[in-house]
Amino acid sequence: MIHLSLPAALSALLAGIGVYGVLARRNAVLVLIGVELILNAANLLLVTAGSRPGAPLSAGPVLTLFVITIAAAEITVALAIILVMFRRTGHIDLTAVPDLTDGPDDAGDGYGADTDDTGDADDTGDTGDADDAEDPRAEDRDGHPHDATREPAAAGEGVA
Amino acid sequence: MTTRDIVFTAVGAVTALSALLSVTTKQVVHAALWLLVSLGSLAGAYLVLGQELVGLVQLLVYVGAIVVLVLFALMLTRAPIGPHAEIDTPWRQRLAGALLGAATTALLASLLLPLFSGATADLDTPTTTTPQVAQAVFGTWVWPFELLSVLLLVALIGAFAVSRLVLHRDGGHGARRPATVPSGARADGRG
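Residue numbers (my numbering), protein chains in the order written: chain A, 1 to 160; chain Y, 161 to 351.
Calculated from the structure, these hints are not laboratory results. Mixed in with the good hints there might be a few duds.
With the C-beta cut set under 8 angstroms, the calculated list includes, among others, these residues of chain A facing chain Y [claimed, not checked]:
| no. | residue |
| --- | --- |
| 1 | Ile2 |
| 2 | Ile17 |
| 3 | Ala71 |
| 4 | Ala80 |
Far from chain A, some chain Y residues (derived; all Cβ distances over 10 angstroms) [said to hold, decoys possible]:
| no. | residue |
| --- | --- |
| 5 | Val197 |
| 6 | Ile241 |
| 7 | Gly242 |
| 8 | Pro243 |
As the structure is a computational prediction, the values presented were derived from the model and not from experiment. Even glycine gets a Cβ: it sits at the ideal position worked out from N, Cα and C.
With the sequences and hints as input, model every part of the structure.
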C-alpha cells in the first residue's frame, strides 16, 4: 500500500523545477532539459492517477507511454533546430543579440555569391567567439559539395 | 508510513535533488548527467508505484535515447567543459524564474494534495498490470497508438528536412560558388 499524495507532491516539485530550468538557462539544450523535467512531472502525475483503484481503461500507464513517445519526437525536432541554429550563428545562446544582425545579412545574401561571401566574413568577424563561429563556415565552404568528406572533418574537430 | 512510502520517499528525494542540480549546475555536461540520474530514479519511482512497464520504457527511451541525444547535441554544439557562467540568465531573471517555479509548485501542490489526500493504492497483492496495459493499448487506444507511429515518422522526416533545408539554402544563395568550387575540386581530385 502506498499513499498517493507522495508522488503527487513529487510531481508538483518536478514541474516547478522544470519551470525554473526553462526560465533560468540561456543555453538552448539546457532549456530543453527543463522541458523534459516538466514532461516527466506530467508522466508521474498520470501514473499516480492511473494507480488509483478503479481507474478505467488503464488510461494512466497508456497515456504515459504516449507522452514518452511524443517527448522523443519533440526532442528530436528541437535538437535538429538547435543544431541548425548553431551552424548558422555559431552559438546556441537564446538571449544573444546577434540574431538582429542576421536580418540584413540575409537580405544581403540575395544579391549574389560575392556579397554572400563578404557578408559571411563580416558576420564571423562580428561575433564575439570568432573561433567557434568560423569553423562551421569553413567546413561549409570546403566540404559542402562532398558530404562524405564533410562528416569526418566535423567529427574530428568535435573530438579535438 | 508503509514500506513502499519509505522507499518512494527515498527515490523521490534522489529524483528531486538531481533534477534541482541539473537545472542549477554551472557545468553544461553535468546538467545532462544529472538529468540522467533524475530520469533513472524516476523510473525507479514508477517501479515502486507498480507500473513496471512504464518504468522500463522510461529507462529505455529517456535514459537510453533522449539523454544520449542531449549529450550528442552538447558535443556537436561544442559545449564548454568546466564551469561556465554564461549558461545562465542574469540573476534578476533567475530570481523571477525561481519565484515562478515556486509558484507553480505551490499551485500544483495546493490542487493535487487535497485531491490525493487519503488515496491509497493497494500494490501488495502480487499482480502485474502489463497484460492489462497491453490489452488497453491494442484495444481501446489502438488508433492513437497508430497515430503515434505516424507522428514518429513525421518527426524523423521533419528533423531531417530541417537540417537539409537550411543546408540547401546555404548552397542556394551561394549558387555560383558551389558551381565553380566542386568542378575545381573534382579536377584536383582526378588530376
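Out of the numbered hints, which ones does the structure contradict? Checked against the structure, no hint fails, so every one of them is satisfied.
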